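Visitor: Working from the sequences, and respecting the hints, build out all of it.
Sequences listed follow chains A and B, in order.
Numbered by our numbering, the letters in the first sequence go through residues 2 to 538 in order.
Numbered by our numbering, the letters in the second sequence go through residues 2 to 538 in order.
Source of the hints: derived by calculation from the structure; they are not laboratory data.
It is possible that part of the hints are untrue.
[What the hints assert, rightly or not] Just a few of them, taken from the derived set where beta-carbon distance is under 7 Å, the chain B residues facing chain A:
#: 1; residue: Lys-63
#: 2; residue: Val-71
#: 3; residue: Val-114
#: 4; residue: Asn-119
#: 5; residue: Met-238
#: 6; residue: Ile-241
#: 7; residue: Gly-264
#: 8; residue: Pro-339
#: 9; residue: Gly-341
#: 10; residue: Ala-531
[To be verified] Which chain A residues stay away from chain B? Per the calculated CB distances, all over 12 Å, these:
#: 11; residue: Glu-20
#: 12; residue: Gln-161
#: 13; residue: Pro-284
#: 14; residue: Asn-296
#: 15; residue: Lys-334
#: 16; residue: His-358
#: 17; residue: Ala-445
#: 18; residue: Ser-451
#: 19; residue: Lys-470
#: 20; residue: Asp-504
#: 21; residue: Leu-513
#: 22; residue: Lys-517
#: 23; residue: Leu-533
[To be verified] Only pairs whose alpha carbons sit at most 25 Å apart, straight line, appear in this in silico DSS-like list of lysine-lysine:
#: 24; chain 1: A; residue 1: Lys-81; chain 2: B; residue 2: Lys-369
#: 25; chain 1: B; residue 1: Lys-63; chain 2: A; residue 2: Lys-63
#: 26; chain 1: B; residue 1: Lys-369; chain 2: A; residue 2: Lys-50
#: 27; chain 1: B; residue 1: Lys-81; chain 2: B; residue 2: Lys-63
#: 28; chain 1: B; residue 1: Lys-318; chain 2: B; residue 2: Lys-293
#: 29; chain 1: B; residue 1: Lys-318; chain 2: B; residue 2: Lys-482
#: 30; chain 1: B; residue 1: Lys-153; chain 2: A; residue 2: Lys-63
#: 31; chain 1: B; residue 1: Lys-316; chain 2: A; residue 2: Lys-63
Note that the structure is a prediction, hence the values are computed from the model and not measured.
C-beta atoms are modelled at their ideal positions from N, C-alpha and C, and glycine is treated no differently.
2 protein chains.
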Amino acid sequence: MGKATASLEHLFRVFTKPEGKDSKLAQIEEHLSDNLSDFLSQHVVTKAKSLEEIEQNFQDYKVPESPEFVTKHAEVLLEKVVSHSVNTYAPTFIGHMTSALPYFHLPLAKLLVGLNQNLVKIETSKAFTPLERQVIGMLHELVYSQSEDFYKSHLHSAKQSLGAFCSGGTVANITALWVARNKALAPNGKFRGVAQQGLAAGLKHYGYESMGILSSKRGHYSLSKAVDVLGLGREQMLTIDCLTQRLSPEKALAAGREFEQRGNKLLALVGIAGTTETGHVDPLDELADVAKELNCHFHVDAAWGGATLFSQRYKDKLKGIQKADSVTLDAHKQMYVPMGAGMVVFKNPEDSNAVRHHAQYILRAGSKDLGATTLEGSRNGMAMMVYASFNIFGRQGYELLIDQSIEKAHAFAQLIEEHEDFELITAPTLSLLTYRVKPSFVDAHCSKQSELLDKLNVAVQKQQREAGKSFVSRTRLAVEKYGLNPLTVFRVVLANPLTTEQDLINILQEQLQIAKLTKSWKELEDQALAQLKRSVG
Amino acid sequence: MGKATASLEHLFRVFTKPEGKDSKLAQIEEHLSDNLSDFLSQHVVTKAKSLEEIEQNFQDYKVPESPEFVTKHAEVLLEKVVSHSVNTYAPTFIGHMTSALPYFHLPLAKLLVGLNQNLVKIETSKAFTPLERQVIGMLHELVYSQSEDFYKSHLHSAKQSLGAFCSGGTVANITALWVARNKALAPNGKFRGVAQQGLAAGLKHYGYESMGILSSKRGHYSLSKAVDVLGLGREQMLTIDCLTQRLSPEKALAAGREFEQRGNKLLALVGIAGTTETGHVDPLDELADVAKELNCHFHVDAAWGGATLFSQRYKDKLKGIQKADSVTLDAHKQMYVPMGAGMVVFKNPEDSNAVRHHAQYILRAGSKDLGATTLEGSRNGMAMMVYASFNIFGRQGYELLIDQSIEKAHAFAQLIEEHEDFELITAPTLSLLTYRVKPSFVDAHCSKQSELLDKLNVAVQKQQREAGKSFVSRTRLAVEKYGLNPLTVFRVVLANPLTTEQDLINILQEQLQIAKLTKSWKELEDQALAQLKRSVG
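Guide: Okay, here's the thing in structure tokens:
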């Protein structure tokens with residue numbers, strides 16, 4: 002059943018004739034288009050199966066021998082895939098950076114696949130090439146605000162590039178540090194450059210023991226992927242403790258100097274504009290000075306926080322970002338574009354040439370083919386989604402979205418602070434905050450109770466996630482108030498414009514209900530009671 | 002006009018209410034769904050503007066200040082973007098590897114964006130994680146055909162991975178060589194491994210001058226990106242001339258030995274299964290032996306040719322591929338999935354651990370989070386498109402598609418050979434071939450006429466592309482018959498199942514018409530006439 006015959010006629014139909022209007026796939030599509038929220042509530046099962054149960058649906062390890070009718074497969078997709086996916090559109094899914102998207106991306110996604118361009122080369126992308134360059138130029142302008150003349154000469158130049166479009170922030174960060182590495186070990190005298198001769202020859206020529214990158218402990222894991230892939234080694238990823246969640250410029254300078262005194266070269270200092278865990282912004286302006294002092298590349302990872310630049314009220318939180326040599330921004334985060342739109346912009350458009358590649362049949366020298374200066378080769382036309390979003394939202398639209406997110410985070414922080422059984426751990430800089438359940442009777446500085454608190458918070462987060470109504474994430478974090486021992490905390494990202502204050506109140510209530518039924522809560526109560534008895538006794 | 006007011010109400014509508022059924026965007030969508038081919042013929046202008054003209058539409062370098070109505074923007078998209086994109090669906094677009102896609106991908110693209118999962122982590126992807134692992138397992142089985150027990154223990158193992166899903170073949174190749182590098186410079190005694198200590202320390206510990214990669218001159222440009230980004234240096238990308246378009250195992254062995262005699266270590270030998278330029282397949286079986294002899298990693302870049310394994314009739318062309326340590330395959334090429342679906346599979350599931358990364362808030366140790374062993378971080382659910390295609394086509398469906406492509410290529414080769422004014426340059430191994438216009442009166446071995454021939458072929462390719470009815474690509478290629486001097490040739494990829502033999506006949510006719518009107522044709526005629534006179538005189 003559901004098996005189709007493998008005939009060329011059948012196959013050609015799949016390429017030339019859409020499914021009928023009454024087919025299952027057409028029904029799915031209509032439901033999606035009419036009411037995405039309703040489609041998801043209806044098809045994504047709220048009571049989650051365990052991963053092991055879900056895996057049972059994905060045990061076949063051979064490509065099926067016979068074809069299957071599209072309609073039959075549409076049912077399989079609903080049953081096996083959609084039902085056990087994550088409802089990222091839900092206003093109560095506030096645990097990660099993936100949020101509801103505007104409706105217009107649904108038809109645009111279809112247009113994108115209908116056009117199926119390949120941006121590696123103009124011959125397979127035409128208008129998409131200048132479109133992508135324009136999008137990157139707009140982000141460049143958002144960060145660096147250069148003159149009209151600057152953009153006129155660089156936006157569509159075959160000789161330079163203002164940045165690179167990437168599948169995500171990780172590739173963007175790797176690209177930035179790749180550029181930095183190739184610039185730091187540039188051709189010099191008889192040395193033909195690291196891109197040509199390799200890293201060992203480069204270090205030797207310049208007389209460096211090794212090269213490192215410096216960021217706070219809150220730096221994204223992509224930085225450690227970058228130092229691995231670029232050949233620097235993860236031990237050269239220098240991270241600095243930050244109980245305040247922000248990198249101290251003094252500590253950064255001291256660490257950089259100490260590293261260089263040992264015969265090494267600091268390749269890049271990385272400032273973070275919106276850490277993944279708490280949303281904090283490093284003191285970019287001061288860090289820019291440190292980078293200057295250390296004569297190294299200054300990269301800012303603004304994958305999350307970059308969109309704050311749209312807001313007149315809050316953009317100062319990123320003060321100094323325009324001093325960065327390179328900046329990573331993810332449009333699939335606070336710019337409300339579907340997953341797959343990371344970008345890096347370079348202050349100096351020459352920088353992209355540090356990684357320029359050519360090939361005869363493709364990416365000919367002198368062409369504007371995008372593949373010549375990107376890490377990736379073949380890529381789809383995601384830039385169109387960014388282009389549409391920039392135009393449809395406008396700067397003012399983004400400003401409203403950013404402002405309301407930050408203000409909602411402040412309102413939520415206040416709710417937490419006013420509640421006797423919760424503790425705010427990190428207040429929001431942008432729209433992220435962390436907190437935990439801490440029953441009013443608990444002494445969190447007591448190490449025994451602190452351990453139990455961690456257990457309690459792990460249990461609450463897990464059970465809430467499994468109940469399926471709402472989702473906050475959790476992490477472990479060291480904070481000033483409690484010293485170097487990390488605590489287990491809830492992490493909340495208030496990016497979804499559809500999340501209401503009532504949703505947040507409900508999430509707290511649900512957490513408290515769950516907490517009160519845990520063994521840890523009971524144990525904490527017993528301990529508190531015993532302590533009370535002792536102190537009274 | 003077209004400008005919307007920036008109000009939260011307006012913005013919320015964009016997130017919660019689809020465009021009306023009569024809106025421009027809904028019209029576009031309906032047209033796309035009803036008849037993609039008609040939509041494209043109607044909206045993609047056939048007479049191409051120059052890139053410089055198209056760039057005029059993309060001059061703004063600031064994100065627009067005010068929002069724009071979706072309907073207004075839909076018109077902009079049609080006018081500025083769609084009209085000047087490339088019609089990759091057209092049966093006469095046979096110049097690159099991007100082809101028509103089956104219809105079901107249109108609604109699936111919408112579903113993908115509606116779900117907007119992030120595959121970096123199970124918490125944001127749930128069923129998509131085992132789905133992606135299954136898809137990779139199926140490709141692993143296609144290449145390596147291991148036992149049921151093997152797949153039972155590895156398909157969903159938290160400790161290993163059968164491969165990595167990537168945005169494309171370039172990232173897949175880089176990932177494979179990253180793994181190879183980290184394995185070759187693995188922890189050893191006091192040395193903590195290249196991933197930890199870096200490349201220079203690794204080379205020093207193992208006593209290597211440098212490390213290189215070897216492939217034929219037809220290797221994809223992504224290999225040279227890989228040696229750059231991985232720190233080996235592009236001079237360590239050893240390429241071997243191949244007038245036969247295939248890497249000679251003897252030459253490979255000799256070059257590898259010579260490289261190692263100079264104190265270097267050959268990191269990897271790369272065999273190509275379907276070169277980008279001519280579709281040739283290296284002698285993989287023999288190259289596997291060479292790699293064994295040289296004790297190096299054997300990687301096969303089967304981005305294009307991998308799908309041939311679906312065909313009982315032609316899979317032997319890839320004989321020996323199962324001996325590779327790693328294999329790259331692109332589902333967005335001959336598996337008819339939209340752009341953005343590259344994969345690498347590893348023979349040994351342990352290999353992925355050479356690049357494993359963890360982070361506290363994400364990718365916890367022991368979890369099955371996909372981001373722990375991929376170069377990329379956040380990624381979308383493209384694996385669903387591969388999953389759907391595997392099920393809907395089945396192995397038999399793909400076999401029919403592959404067989405007819407290869408047979409069409411042979412039929413086209415015969416058409417060319419039978420035509421007195423064309424010359425077949427490389428016959429098809431898979432569904433690629435190269436040829437050129439060569440008027441019957443030309444002596445192509447005469448260097449003066451050979452230069453004119455190149456000019457003629459450049460002109461024909463350009464003019465045909467600009468005329469907009471059909472598109473073949475061009476490249477420069479050295480072939481046995483004409484020695485080391487590269488010729489300009491047309492390159493044809495017969496991947497689109499909708500391309501008919503009549504289309505191919507028309508393409509040749511159009512090329513001949515264009516050719517006869519060029520200056521070069523006239524000059525070639527004059528030369529031939531002069532020569533004739535001399536010989537008669």
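Visitor: Work down the list of hints and note, for each, if the structure agrees.
Guide: Going through the hints against the structure:
Evaluation of the Lys-63/B hint against chain A yields a held restraint, the C-beta minimum of about 5 Å falling below 7 Å. Because the smallest distance between the Cβ of Val-71/B and any Cβ of chain A comes to about 5 Å, under 7 Å, the interface hint for this residue holds. At its closest, the beta carbon of Val-114/B sits 4 Å from a beta carbon of chain A; the interface hint therefore holds under the 7 Å criterion. Hint status for Asn-119/B relative to chain A: holds, with the closest Cβ pair at about 5 Å, below 7 Å.
Taking 7 Å as the C-beta cut-off, the interface hint given for Met-238/B is violated, the closest approach to chain A being about 10 Å. At about 16 Å, the closest approach between the beta carbon of Ile-241/B and any beta carbon in chain A exceeds 7 Å, and the interface hint on this residue is violated. With its C-beta approaching chain A no nearer than about 12 Å, Gly-264/B sits outside the 7 Å limit, and its interface hint is violated. The beta carbon of Pro-339/B is positioned within 7 Å of a beta carbon in chain A (closest approach about 5 Å), and the interface hint is therefore held.
Hint status for Gly-341/B: holds, given a least beta-carbon distance of 5 Å to chain A, under 7 Å. For the restraint placing Ala-531/B at the interface with chain A, the shortest Cβ-Cβ distance is roughly 33 Å, beyond the 7 Å limit, so the hint is violated. At the 12 Å boundary, the C-beta of Glu-20/A falls inside the reach of chain B, the nearest C-beta of that chain being 7 Å off. Listed as a non-interface residue, Gln-161/A keeps its Cβ farther than 12 Å from every Cβ of chain B; the least gap is roughly 14 Å.
With 12 Å as the threshold on Cβ separation, the claim that Pro-284/A sits away from chain B holds: the shortest Cβ distance comes to roughly 22 Å. With 12 Å as the threshold on Cβ separation, the claim that Asn-296/A sits away from chain B holds: the shortest Cβ distance comes to roughly 21 Å. Distance check on Lys-334/A: its Cβ comes as close as 9 Å (rounded) to a Cβ of chain B, failing to clear the 12 Å threshold; non-interface status is violated. For His-358/A, the requirement that its beta carbon stay farther than 12 Å from each beta carbon of chain B is not met, with the minimum near 6 Å.
The claim that Ala-445/A is not at the interface with chain B holds, since no C-beta of that chain comes within 12 Å of its own (minimum 20 Å). Distance to chain B confirms Ser-451/A as a non-interface residue, since its nearest Cβ pair spans about 18 Å, more than 12 Å. The beta carbon of Lys-470/A sits about 15 Å from the closest Cβ of chain B, which is more than 12 Å, so the claim that it is off the interface holds. Every CB of chain B lies more than 12 Å from the CB of Asp-504/A, the least distance being 14 Å, so the non-interface label holds.
Distance check on Leu-513/A: its Cβ is at least 22 Å (rounded) from any Cβ of chain B, clearing the 12 Å threshold; non-interface status holds. Every Cβ of chain B is farther than 12 Å from the Cβ of Lys-517/A; the closest lies at roughly 25 Å, confirming the non-interface assignment. Every Cβ of chain B is farther than 12 Å from the Cβ of Leu-533/A; the closest lies at roughly 35 Å, confirming the non-interface assignment. A C-alpha spacing of about 19 Å is found between Lys-81/A and Lys-369/B, which places the hinted pair at or below 25 Å, so the restraint holds.
Between Lys-63/B and Lys-63/A the CA atoms are separated by roughly 50 Å; this puts the pair beyond 25 Å, and the hint is violated. A C-alpha spacing of about 16 Å is found between Lys-369/B and Lys-50/A, which places the hinted pair at or below 25 Å, so the restraint holds. For the given pair, Lys-81/B sits about 17 Å from Lys-63/B by alpha-carbon distance, which is consistent with the 25 Å threshold. Using a Cα cut-off of 25 Å, the hinted pair Lys-318/B and Lys-293/B holds, with the two alpha carbons roughly 21 Å apart.
Pair hint Lys-318/B plus Lys-482/B holds up; C-alpha atoms about 23 Å apart against a cutoff of 25 Å. Taking the CA atoms of Lys-153/B and Lys-63/A, the gap is about 12 Å. The hint holds against a cut of 25 Å. Taking the CA atoms of Lys-316/B and Lys-63/A, the gap is near 16 Å; set against the 25 Å cutoff, the hint holds.
Of the hints listed earlier, those the structure fails to meet are numbers 5, 6, 7, 10, 11, 15, 16 and 25, in rising order.
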